Amino acid sequence: MIIPTSYYLVLSGVLFGLGVVAFIFKRNVIAVFMSIELMLNAVNLAFVAFARAHQQLDGLVFVFFVIVVAAAEAAVGLAIVIMLAQNRESLNVERVNLLKF
Amino acid sequence: MGFISQHSVLVASLIKIAVLLFIVMTALAYLTWFERKVVAHIQSRWGPYYVGAHGLLQPLADGLKFLFKEDFTPPTSDKLVYVLAPFLALTLALTALALIPFGPPYVHFLNGQPVFIVSNIDIGLIFLFAITSMGVYGVALAGWSSNSKYPLLGGLRSSAQMISYEVSLTISVVGVLLLAGTLNFNGIIEGQGGYWLGFLPRWHFIPQIVGFFCYLTAAIAETNRVPFDLPEAETELVAGFHTEYSSFKFAMFFMAEYANMITVSCLATILFFGGWLSPFPETWHWQWYLPGAGLIALGIYCVVDAATRMRGIARLQLGVVALLSLGLGGLCLLPGVAPYVQGPFWFTLKVLVFLFFYVWVRGTLPRFRYDQLMSFGWKLLLPVSLANLVITALVLLFPAFTRHA
Amino acid sequence: MIVPLIVFFACAALAVTGAILLILAREPIHSALSLILVMVSLAILYLLLGAEFISAIQIIVYAGAVMVLFVFVIMLLNAGVEERTDFSKFAKFAGLPLGFFLLIEVARWMYGASAGSAIVPGADAFTQAASTRALSAELFRKYLFNFEATSILILIAILGALVLARKSQ
Chain A
1 MIIPTSYYLV
11 LSGVLFGLGV
21 VAFIFKRNVI
31 AVFMSIELML
41 NAVNLAFVAF
51 ARAHQQLDGL
61 VFVFFVIVVA
71 AAEAAVGLAI
81 VIMLAQNRES
91 LNVERVNLLK
101 F
Chain B
1 MGFISQHSVL
11 VASLIKIAVL
21 LFIVMTALAY
31 LTWFERKVVA
41 HIQSRWGPYY
51 VGAHGLLQPL
61 ADGLKFLFKE
71 DFTPPTSDKL
81 VYVLAPFLAL
91 TLALTALALI
101 PFGPPYVHFL
111 NGQPVFIVSN
121 IDIGLIFLFA
131 ITSMGVYGVA
141 LAGWSSNSKY
151 PLLGGLRSSA
161 QMISYEVSLT
171 ISVVGVLLLA
181 GTLNFNGIIE
191 GQGGYWLGFL
201 PRWHFIPQIV
211 GFFCYLTAAI
221 AETNRVPFDL
231 PEAETELVAG
241 FHTEYSSFKF
251 AMFFMAEYAN
261 MITVSCLATI
271 LFFGGWLSPF
281 PETWHWQWYL
291 PGAGLIALGI
301 YCVVDAATRM
311 RGIARLQLGV
321 VALLSLGLGG
331 LCLLPGVAPY
341 VQGPFWFTLK
351 VLVFLFFYVW
361 VRGTLPRFRY
371 DQLMSFGWKL
381 LLPVSLANLV
391 ITALVLLFPA
401 FTRHA
Chain C
1 MIVPLIVFFA
11 CAALAVTGAI
21 LLILAREPIH
31 SALSLILVMV
41 SLAILYLLLG
51 AEFISAIQII
61 VYAGAVMVLF
71 VFVIMLLNAG
81 VEERTDFSKF
91 AKFAGLPLGF
101 FLLIEVARWM
111 YGASAGSAIV
121 PGADAFTQAA
131 STRALSAELF
141 RKYLFNFEAT
151 SILILIAILG
161 ALVLARKSQ
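Protein chains in written order, with this note's numbering: chain A, 1 to 101; chain B, 1 to 405; chain C, 1 to 169.
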């Protein structure tokens, strides 16, 4: 039995939703970054499922670019996190509140 | 019988996996014996010779020792990660061996499955790199979970070294990929058939000599062996990332390191030295009798040794080894079996040469300091691999040098 | 016939479990490990979909490099147990059921919407078409500019990370 595309899309949606929940509720800045990666992965799954459904390779190429851009973003973001930890002495997202009104 | 005929692919794969695991675990144990003997002879001493004839039962004694040692878990460690790390290391190291072709793919079972490779996938090379790139986790998590200064430092350094040299490893292999045109291991090996000038085999290490040396250096660094084994050397950081591990978990790290060594040597023979191809032309049928002749010679040597130099139970053990060797040699000489043994024989011979080279380097060279190691990896090895890739790509633009579409 | 379905549900269950563990874990290293679990199960799902090159790239780049970077940073910063936050009562008692309901709605909408784009039978054709050779032909001909722009992006990211992580003089 061939697996319908909608199964993959539902899984992608569930993972994305869980990523959003993690992004909102986690206090550790590294965990927030990881939730961003989870959301990007969910989107990748949707892209590959659609590429297979429409029998085109453009979706796969886009997944390739998403992976590369996510890697670059993780590198820069984690460098910022290291600086943050050194300056603020804490990895709690709520402590980074100097610009809060 | 119905089950086997319906699920024949599954049964064939299970048989291959079982045989491969058995052979690989024995090979790991005897690789430790081999290393200790060779390093000892380089250092003008004998190595293990007391436990069993010529020290051949030493791996068994070591295994029993590891099983019966006290299994101590540090109380402040992160239990889940502490137990997970050696399992991960060993599992990944052994999984990589499922992709290696030990012989030609046209030798197959009754249902068409190849005998000498567990899974013949089209993206074999890149999948192998995926598995080895996950191997960094075993080291990093071991260092972290021990919750102690020296393992943490050792784990960080070791995993940083592994990911640095992994880049050079992958890039130095892309030159071979350009020459071969396929990621499938059997495809790469079959592309190395034929001869230049009538006698030089078309193995990839001749056009890709720079890539070969880059690969070899990066592979030694990737498997954390001397001269790149600062993070786990005994005199440096206690024992590096596996300081806090005892008995069987430590043995698992040990086995994972040797399994990585075997995987990397197998990859070197496949990519650069023609894999299971023989250096002699296919028409020279006398080479069919080489494995049998070699094994029988080994058996005769063991018999002579047992008769002259050994006393007591060592004689019995060596006699058993001699009998096994003569039996296998006789089996390989049978005309029905001889052509099929050729592939695995040449493959094993080449892998053994590489393993000997590994151990030879271990006994000879001093180790790098950590900053020298990192600057060597990033500032010398990576530019050289990239230059090799660019020059190979440029040369292959000329149609005279391209053999495939 | 049924084996792909079993594999799909197993990997889907693993992925969702990993995501839930990411939320529920108290130590960042456990969150990182569950994210690795998610990524590996997604790689298996890509294999099931026939995109074998993408699956290998997912493991090499995402699970084997990006997550190693995360684990390194967690180890370097010695990130310990996370502080518990005071959830607002609204979030705890009304938020979770509402979120669950939203999830069901989105899933139902997706299920209904894409029933039209059923998978063309003869799905092995996609595995052949999505081979490394075809994918690289697409990447280096049609999307060459994007490729080069991405490489400049990576260069900028490397330089940025180097400059940012250096200790201030």
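Honestly, the hints are just simulated from the structure, not real lab data. Quick caveat, the model's predicted, so the values are computed rather than measured. Be careful, since some hints might not be right.
As the list claims (entries may be wrong) - Stretch by stretch, here's where chain C covers chain A in the computed footprint (C-beta under 8 Å, at least three residues):
#1 56-69
#2 72-78
To be verified - Covered stretches of chain A (chain C as the covering partner; in silico rule of three or more C-beta atoms under 8 Å from a C-beta of chain C):
#3 19-32
#4 36-46
Said to hold, decoys possible - Quick list of simulated restraints, FRET-style, between CB atoms:
#5 Y111/C to F65/A: 39 to 47 Å
#6 L155/C to G363/B: 38 to 46 Å
#7 V320/B to V66/A: 55 to 63 Å
#8 F3/B to F25/A: 44 to 52 Å
#9 H54/A to L380/B: 33 to 41 Å
Here a beta-carbon is modelled for each residue, glycine too, at the ideal position from N, C-alpha and C.
Hints, one by one, checked against the model:
no.: 1; hint: 56-69; verdict: holds (count 10)
no.: 2; hint: 72-78; verdict: holds (count 6)
no.: 3; hint: 19-32; verdict: holds (count 9)
no.: 4; hint: 36-46; verdict: holds (count 5)
no.: 5; hint: Y111/C to F65/A: 39 to 47 Å; verdict: violated, 28 Å
no.: 6; hint: L155/C to G363/B: 38 to 46 Å; verdict: holds, 42 Å
no.: 7; hint: V320/B to V66/A: 55 to 63 Å; verdict: holds, 60 Å
no.: 8; hint: F3/B to F25/A: 44 to 52 Å; verdict: holds, 50 Å
no.: 9; hint: H54/A to L380/B: 33 to 41 Å; verdict: violated, 47 Å
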